[in-house]
Amino acid sequence: MQSSRTTKAADAICAGLIIFAGALRLPQFREFFLAGTLISADLLTAALLWTVQVRQRLVQPEERKYLTRVGIMIVLFLALRTLKYQFLPAASAVGRYVWYLYYLPQTFLPLLMFFAVLHIGKPIDQPIARRWRLLYLPAALIVLGVLTNDLHSLAFIPLDGWASDSYRHGPLYFAAVFWMALLFAAMLAVSLVRCAVPGMRKNLWMPLLPLAFGAVYTISYILPPGGILAYLYKMPEAVCFVCAAFLEGLILARLLPTNDNYYELWCASDLGGGIVSRSGNLQYPTRNSVPVSVDDVRRAALQPLRLRDGDLMLNSRTVHGGWGYWTTDMTEINLLNTRLEDLGDVLSEENSMLEGKNELRERRLRIE
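Numbering (our numbering), first residue to last: 180 to 547.
It should be emphasised that the hints constitute simulated quantities derived from the structure, not laboratory data. Check before you lean on any hint, since a few could be wrong.
[Unchecked claim] Pairs of lysine to aspartate or glutamate, EDC-like flavour, derived with a Cα cap of 16 angstroms:
1) 413 - 221
2) 301 - 241
3) 244 - 304
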(Lines of atoms letter the chains of each structure in order from A and count residues from 1; the text may use other names and numbers.)
(Lines give C-alpha, C1' and ligand atoms only; values in the text may rest on other atoms or scores of the structure.)
Protein backbone atom coordinates (compact mmCIF):
# COMPACT_ATOMS: atom_id res chain seq x y z
CA MET A 1 0.00 0.00 0.00
CA GLN A 2 1.10 3.55 -0.69
CA SER A 3 0.74 6.47 1.68
CA SER A 4 -2.60 8.24 1.69
CA ARG A 5 -3.03 11.73 0.24
CA THR A 6 -3.39 13.18 3.73
CA THR A 7 -0.09 11.64 4.81
CA LYS A 8 1.70 12.82 1.67
CA ALA A 9 0.34 16.34 2.16
CA ALA A 10 1.40 16.43 5.83
CA ASP A 11 4.89 15.12 5.00
CA ALA A 12 5.23 17.67 2.19
CA ILE A 13 4.23 20.52 4.52
CA CYS A 14 6.75 19.37 7.17
CA ALA A 15 9.53 19.11 4.57
CA GLY A 16 8.64 22.56 3.22
CA LEU A 17 8.75 24.09 6.70
CA ILE A 18 12.20 22.57 7.34
CA ILE A 19 13.55 23.85 4.01
CA PHE A 20 12.08 27.28 4.74
CA ALA A 21 13.83 27.36 8.13
CA GLY A 22 17.19 26.73 6.45
CA ALA A 23 16.49 29.34 3.79
CA LEU A 24 15.94 32.00 6.48
CA ARG A 25 19.58 31.58 7.50
CA LEU A 26 20.89 32.53 4.09
CA PRO A 27 22.94 35.77 4.13
CA GLN A 28 20.15 37.90 2.62
CA PHE A 29 17.76 36.89 5.43
CA ARG A 30 20.09 36.17 8.35
CA GLU A 31 20.07 39.76 9.67
CA PHE A 32 16.31 40.08 9.37
CA PHE A 33 15.15 40.86 12.91
CA LEU A 34 12.27 38.34 12.77
CA ALA A 35 14.28 35.54 11.17
CA GLY A 36 15.05 33.78 14.48
CA THR A 37 11.43 33.97 15.65
CA LEU A 38 10.15 32.69 12.32
CA ILE A 39 12.62 29.80 12.36
CA SER A 40 11.53 28.77 15.87
CA ALA A 41 7.81 28.98 15.06
CA ASP A 42 8.38 27.22 11.75
CA LEU A 43 10.21 24.25 13.26
CA LEU A 44 7.86 23.88 16.21
CA THR A 45 4.90 23.83 13.80
CA ALA A 46 6.56 21.10 11.75
CA ALA A 47 7.27 19.04 14.90
CA LEU A 48 3.70 19.34 16.21
CA LEU A 49 2.20 18.53 12.80
CA TRP A 50 4.36 15.44 12.45
CA THR A 51 3.51 14.25 15.97
CA VAL A 52 -0.24 14.63 15.42
CA GLN A 53 -0.32 12.90 12.05
CA VAL A 54 1.93 10.01 13.10
CA ARG A 55 -0.36 9.35 16.10
CA GLN A 56 -3.29 9.05 13.73
CA ARG A 57 -1.51 6.62 11.44
CA LEU A 58 -0.07 4.09 13.89
CA VAL A 59 -2.13 0.99 14.65
CA GLN A 60 -0.29 -0.48 17.64
CA PRO A 61 -1.17 1.39 20.88
CA GLU A 62 2.29 0.81 22.40
CA GLU A 63 4.02 2.09 19.26
CA ARG A 64 1.74 5.13 19.30
CA LYS A 65 2.59 5.75 22.97
CA TYR A 66 6.35 5.67 22.42
CA LEU A 67 6.26 7.74 19.23
CA THR A 68 4.09 10.32 20.98
CA ARG A 69 6.88 10.60 23.53
CA VAL A 70 9.33 10.92 20.63
CA GLY A 71 7.28 13.87 19.37
CA ILE A 72 7.32 15.42 22.84
CA MET A 73 11.11 15.05 22.97
CA ILE A 74 11.45 16.70 19.56
CA VAL A 75 9.31 19.64 20.71
CA LEU A 76 11.38 19.88 23.92
CA PHE A 77 14.60 19.82 21.90
CA LEU A 78 13.43 22.64 19.65
CA ALA A 79 12.11 24.62 22.63
CA LEU A 80 15.55 24.40 24.32
CA ARG A 81 17.16 25.52 21.07
CA THR A 82 14.78 28.51 20.89
CA LEU A 83 15.48 29.40 24.52
CA LYS A 84 19.24 29.32 23.98
CA TYR A 85 19.40 31.34 20.78
CA GLN A 86 16.45 33.72 21.20
CA PHE A 87 16.24 34.56 24.89
CA LEU A 88 19.66 34.02 26.48
CA PRO A 89 22.86 36.01 25.96
CA ALA A 90 25.68 34.33 24.11
CA ALA A 91 28.46 32.65 26.14
CA SER A 92 26.44 32.88 29.38
CA ALA A 93 26.48 30.17 32.05
CA VAL A 94 22.70 29.69 31.79
CA GLY A 95 22.95 29.35 28.02
CA ARG A 96 25.68 26.76 28.45
CA TYR A 97 23.54 24.63 30.77
CA VAL A 98 20.60 24.90 28.39
CA TRP A 99 23.01 23.63 25.75
CA TYR A 100 23.92 20.72 28.05
CA LEU A 101 20.20 19.99 28.39
CA TYR A 102 20.13 19.32 24.64
CA TYR A 103 21.47 15.87 25.48
CA LEU A 104 18.35 14.93 27.45
CA PRO A 105 16.09 14.70 24.35
CA GLN A 106 19.00 13.83 22.06
CA THR A 107 19.88 10.75 24.15
CA PHE A 108 16.35 9.54 24.86
CA LEU A 109 14.95 10.16 21.36
CA PRO A 110 16.58 7.10 19.73
CA LEU A 111 15.87 4.99 22.84
CA LEU A 112 12.12 5.71 22.69
CA MET A 113 12.20 5.03 18.95
CA PHE A 114 13.92 1.70 19.61
CA PHE A 115 11.24 0.72 22.14
CA ALA A 116 8.56 1.50 19.53
CA VAL A 117 10.33 -0.64 16.91
CA LEU A 118 10.52 -3.55 19.38
CA HIS A 119 6.70 -3.80 19.17
CA ILE A 120 6.84 -4.74 15.48
CA GLY A 121 5.33 -8.19 15.05
CA LYS A 122 4.03 -8.37 18.63
CA PRO A 123 0.36 -8.73 19.63
CA ILE A 124 -1.36 -5.48 20.56
CA ASP A 125 -1.66 -6.34 24.25
CA GLN A 126 1.86 -7.76 24.66
CA PRO A 127 4.45 -5.36 26.15
CA ILE A 128 8.16 -5.59 25.46
CA ALA A 129 10.37 -7.54 27.86
CA ARG A 130 11.27 -5.72 31.09
CA ARG A 131 14.98 -6.27 30.51
CA TRP A 132 14.96 -3.66 27.73
CA ARG A 133 14.23 -1.00 30.36
CA LEU A 134 17.81 -1.43 31.57
CA LEU A 135 18.78 0.74 28.58
CA TYR A 136 17.46 3.72 30.51
CA LEU A 137 20.55 3.40 32.74
CA PRO A 138 23.29 4.15 30.14
CA ALA A 139 21.07 6.89 28.67
CA ALA A 140 20.71 8.53 32.08
CA LEU A 141 24.48 8.24 32.69
CA ILE A 142 25.24 10.01 29.38
CA VAL A 143 22.84 12.85 30.22
CA LEU A 144 24.20 13.15 33.76
CA GLY A 145 27.76 13.18 32.45
CA VAL A 146 27.02 16.01 30.01
CA LEU A 147 25.14 18.05 32.63
CA THR A 148 28.17 17.85 34.95
CA ASN A 149 30.66 18.65 32.20
CA ASP A 150 31.93 21.75 34.05
CA LEU A 151 33.32 19.43 36.72
CA HIS A 152 35.26 17.02 34.48
CA SER A 153 35.21 18.36 30.86
CA LEU A 154 34.74 14.85 29.44
CA ALA A 155 32.10 15.94 26.94
CA PHE A 156 33.32 19.41 25.90
CA ILE A 157 36.78 20.76 26.61
CA PRO A 158 37.02 24.61 26.64
CA LEU A 159 40.00 25.96 24.78
CA ASP A 160 40.12 29.41 26.41
CA GLY A 161 37.63 29.20 29.21
CA TRP A 162 33.91 29.39 28.52
CA ALA A 163 34.02 33.14 27.93
CA SER A 164 35.07 32.60 24.30
CA ASP A 165 32.63 29.72 23.76
CA SER A 166 35.34 27.76 21.92
CA TYR A 167 35.82 24.09 22.74
CA ARG A 168 36.74 20.70 21.39
CA HIS A 169 34.83 17.45 21.81
CA GLY A 170 35.72 14.98 24.54
CA PRO A 171 35.19 11.19 24.83
CA LEU A 172 31.74 11.54 26.42
CA TYR A 173 30.51 13.45 23.36
CA PHE A 174 31.67 10.65 21.07
CA ALA A 175 30.05 8.13 23.43
CA ALA A 176 26.73 10.00 22.99
CA VAL A 177 27.15 9.91 19.19
CA PHE A 178 28.01 6.19 19.32
CA TRP A 179 24.92 5.58 21.50
CA MET A 180 22.67 7.11 18.82
CA ALA A 181 24.39 5.22 15.98
CA LEU A 182 24.10 1.92 17.88
CA LEU A 183 20.38 2.37 18.51
CA PHE A 184 19.68 3.31 14.89
CA ALA A 185 21.55 0.18 13.73
CA ALA A 186 19.55 -1.93 16.22
CA MET A 187 16.28 -0.44 14.93
CA LEU A 188 17.17 -1.38 11.36
CA ALA A 189 18.09 -4.92 12.41
CA VAL A 190 14.90 -5.46 14.42
CA SER A 191 12.73 -4.03 11.62
CA LEU A 192 14.27 -6.34 9.03
CA VAL A 193 14.09 -9.47 11.20
CA ARG A 194 10.47 -8.92 12.24
CA CYS A 195 9.17 -7.67 8.89
CA ALA A 196 6.04 -9.70 8.09
CA VAL A 197 6.42 -9.25 4.30
CA PRO A 198 9.93 -10.24 3.11
CA GLY A 199 9.47 -8.30 -0.15
CA MET A 200 9.34 -5.06 1.82
CA ARG A 201 12.96 -5.49 2.89
CA LYS A 202 14.08 -4.18 -0.49
CA ASN A 203 12.86 -0.76 0.67
CA LEU A 204 15.64 -0.55 3.26
CA TRP A 205 17.11 2.43 1.40
CA MET A 206 14.25 4.64 2.63
CA PRO A 207 15.27 4.77 6.33
CA LEU A 208 18.95 4.72 5.31
CA LEU A 209 18.68 8.08 3.50
CA PRO A 210 18.12 10.19 6.66
CA LEU A 211 20.89 8.23 8.41
CA ALA A 212 23.26 9.09 5.57
CA PHE A 213 22.23 12.74 5.93
CA GLY A 214 22.89 12.54 9.69
CA ALA A 215 26.35 11.06 9.12
CA VAL A 216 27.25 13.78 6.61
CA TYR A 217 25.94 16.48 8.96
CA THR A 218 27.85 15.07 11.95
CA ILE A 219 31.11 15.05 9.99
CA SER A 220 30.42 18.57 8.74
CA TYR A 221 29.62 19.69 12.30
CA ILE A 222 32.68 18.16 13.96
CA LEU A 223 35.32 19.07 11.39
CA PRO A 224 36.29 22.78 11.32
CA PRO A 225 35.29 25.20 9.98
CA GLY A 226 31.91 23.52 9.32
CA GLY A 227 30.08 23.05 6.05
CA ILE A 228 26.95 24.49 4.51
CA LEU A 229 24.70 22.05 6.42
CA ALA A 230 26.05 23.16 9.78
CA TYR A 231 25.56 26.76 8.65
CA LEU A 232 21.92 26.35 7.63
CA TYR A 233 20.78 24.05 10.45
CA LYS A 234 21.72 23.87 14.10
CA MET A 235 22.51 20.52 15.68
CA PRO A 236 19.10 20.19 17.47
CA GLU A 237 17.29 20.76 14.20
CA ALA A 238 19.41 18.16 12.39
CA VAL A 239 18.90 15.55 15.14
CA CYS A 240 15.12 16.11 15.18
CA PHE A 241 14.96 15.88 11.39
CA VAL A 242 17.00 12.66 11.26
CA CYS A 243 14.86 10.98 13.94
CA ALA A 244 11.54 11.96 12.35
CA ALA A 245 12.74 11.18 8.80
CA PHE A 246 14.11 7.79 9.91
CA LEU A 247 10.71 6.85 11.36
CA GLU A 248 9.00 8.06 8.20
CA GLY A 249 11.42 5.91 6.21
CA LEU A 250 10.46 2.84 8.25
CA ILE A 251 6.78 3.65 7.73
CA LEU A 252 7.14 4.23 3.97
CA ALA A 253 9.14 0.99 3.66
CA ARG A 254 6.27 -0.78 5.49
CA LEU A 255 8.71 -1.99 8.13
CA LEU A 256 6.68 -0.07 10.72
CA PRO A 257 2.96 -0.85 10.11
CA THR A 258 0.43 1.99 9.82
CA ASN A 259 -3.21 2.30 8.81
CA ASP A 260 -2.48 4.31 5.66
CA ASN A 261 -4.74 3.44 2.72
CA TYR A 262 -6.81 0.83 4.51
CA TYR A 263 -9.35 1.55 1.78
CA GLU A 264 -7.20 -0.37 -0.73
CA LEU A 265 -6.96 -3.32 1.64
CA TRP A 266 -10.72 -3.18 2.23
CA CYS A 267 -11.47 -3.14 -1.51
CA ALA A 268 -9.14 -6.08 -2.16
CA SER A 269 -10.47 -8.21 0.69
CA ASP A 270 -12.73 -11.23 0.15
CA LEU A 271 -15.24 -9.84 2.62
CA GLY A 272 -18.33 -8.58 0.82
CA GLY A 273 -19.46 -5.29 2.26
CA GLY A 274 -19.54 -1.54 2.08
CA ILE A 275 -21.17 1.58 3.48
CA VAL A 276 -24.60 2.90 2.53
CA SER A 277 -25.30 6.59 3.16
CA ARG A 278 -28.63 7.70 4.54
CA SER A 279 -29.52 8.97 1.07
CA GLY A 280 -29.09 5.43 -0.31
CA ASN A 281 -25.69 5.81 -2.05
CA LEU A 282 -23.30 2.86 -1.90
CA GLN A 283 -19.83 3.89 -0.69
CA TYR A 284 -16.55 1.93 -0.39
CA PRO A 285 -17.79 -1.42 -1.76
CA THR A 286 -15.42 -4.40 -1.82
CA ARG A 287 -14.89 -6.44 -4.95
CA ASN A 288 -17.19 -9.16 -3.61
CA SER A 289 -19.92 -6.78 -2.48
CA VAL A 290 -23.45 -7.81 -3.57
CA PRO A 291 -26.18 -5.34 -4.59
CA VAL A 292 -28.30 -4.43 -1.59
CA SER A 293 -31.07 -1.95 -0.96
CA VAL A 294 -31.25 0.62 1.78
CA ASP A 295 -34.28 -1.16 3.26
CA ASP A 296 -32.37 -4.46 3.44
CA VAL A 297 -29.46 -2.76 5.18
CA ARG A 298 -31.78 -1.06 7.67
CA ARG A 299 -33.54 -4.33 8.48
CA ALA A 300 -30.20 -6.14 8.83
CA ALA A 301 -29.19 -3.60 11.50
CA LEU A 302 -32.03 -4.99 13.66
CA GLN A 303 -31.64 -8.66 12.74
CA PRO A 304 -29.36 -10.50 10.24
CA LEU A 305 -31.14 -10.94 6.91
CA ARG A 306 -30.81 -13.95 4.58
CA LEU A 307 -30.18 -13.33 0.84
CA ARG A 308 -29.96 -15.60 -2.22
CA ASP A 309 -32.16 -18.37 -0.84
CA GLY A 310 -30.35 -18.25 2.46
CA ASP A 311 -26.80 -18.71 1.08
CA LEU A 312 -25.76 -15.19 2.21
CA MET A 313 -26.33 -13.56 5.59
CA LEU A 314 -26.52 -9.75 5.48
CA ASN A 315 -25.26 -7.99 8.64
CA SER A 316 -25.40 -4.27 9.28
CA ARG A 317 -24.41 -1.72 11.90
CA THR A 318 -25.20 1.97 12.20
CA VAL A 319 -22.20 4.27 11.52
CA HIS A 320 -21.84 8.02 11.29
CA GLY A 321 -23.84 9.16 8.26
CA GLY A 322 -25.32 5.78 7.32
CA TRP A 323 -24.84 2.05 7.76
CA GLY A 324 -21.91 -0.26 7.39
CA TYR A 325 -22.81 -3.72 6.10
CA TRP A 326 -21.11 -7.00 5.33
CA THR A 327 -22.22 -10.42 4.13
CA THR A 328 -21.38 -13.87 5.45
CA ASP A 329 -21.31 -16.87 3.12
CA MET A 330 -23.66 -19.47 4.63
CA THR A 331 -23.20 -22.09 1.86
CA GLU A 332 -21.02 -24.42 3.92
CA ILE A 333 -23.21 -24.04 6.98
CA ASN A 334 -26.36 -24.70 4.95
CA LEU A 335 -24.73 -27.78 3.42
CA LEU A 336 -23.80 -29.07 6.86
CA ASN A 337 -27.34 -28.42 8.10
CA THR A 338 -28.72 -30.38 5.11
CA ARG A 339 -26.42 -33.28 5.89
CA LEU A 340 -27.46 -33.19 9.53
CA GLU A 341 -31.12 -33.28 8.49
CA ASP A 342 -30.43 -36.29 6.24
CA LEU A 343 -28.59 -38.03 9.05
CA GLY A 344 -31.54 -37.23 11.32
CA ASP A 345 -33.90 -38.92 8.87
CA VAL A 346 -31.65 -41.98 8.71
CA LEU A 347 -31.46 -42.14 12.50
CA SER A 348 -35.22 -41.78 12.72
CA GLU A 349 -35.67 -44.72 10.32
CA GLU A 350 -33.18 -46.80 12.28
CA ASN A 351 -35.01 -45.98 15.51
CA SER A 352 -38.30 -47.08 13.92
CA MET A 353 -36.68 -50.33 12.83
CA LEU A 354 -35.28 -50.92 16.32
CA GLU A 355 -38.66 -50.24 17.87
CA GLY A 356 -40.29 -52.75 15.45
CA LYS A 357 -37.59 -55.29 16.22
CA ASN A 358 -38.12 -54.88 19.96
CA GLU A 359 -41.88 -55.24 19.53
CA LEU A 360 -41.43 -58.49 17.56
CA ARG A 361 -39.11 -59.81 20.28
CA GLU A 362 -41.74 -59.05 22.94
CA ARG A 363 -44.46 -60.82 20.91
CA ARG A 364 -42.23 -63.86 20.44
CA LEU A 365 -41.57 -64.02 24.16
CA ARG A 366 -45.29 -63.79 24.92
CA ILE A 367 -46.08 -66.57 22.43
CA GLU A 368 -43.39 -68.79 23.89
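Status of each hint after checking the structure:
{"no.": "1", "hint": "413 - 221", "result": "14 angstroms, holds"}
{"no.": "2", "hint": "301 - 241", "result": "10 angstroms, holds"}
{"no.": "3", "hint": "244 - 304", "result": "13 angstroms, holds"}
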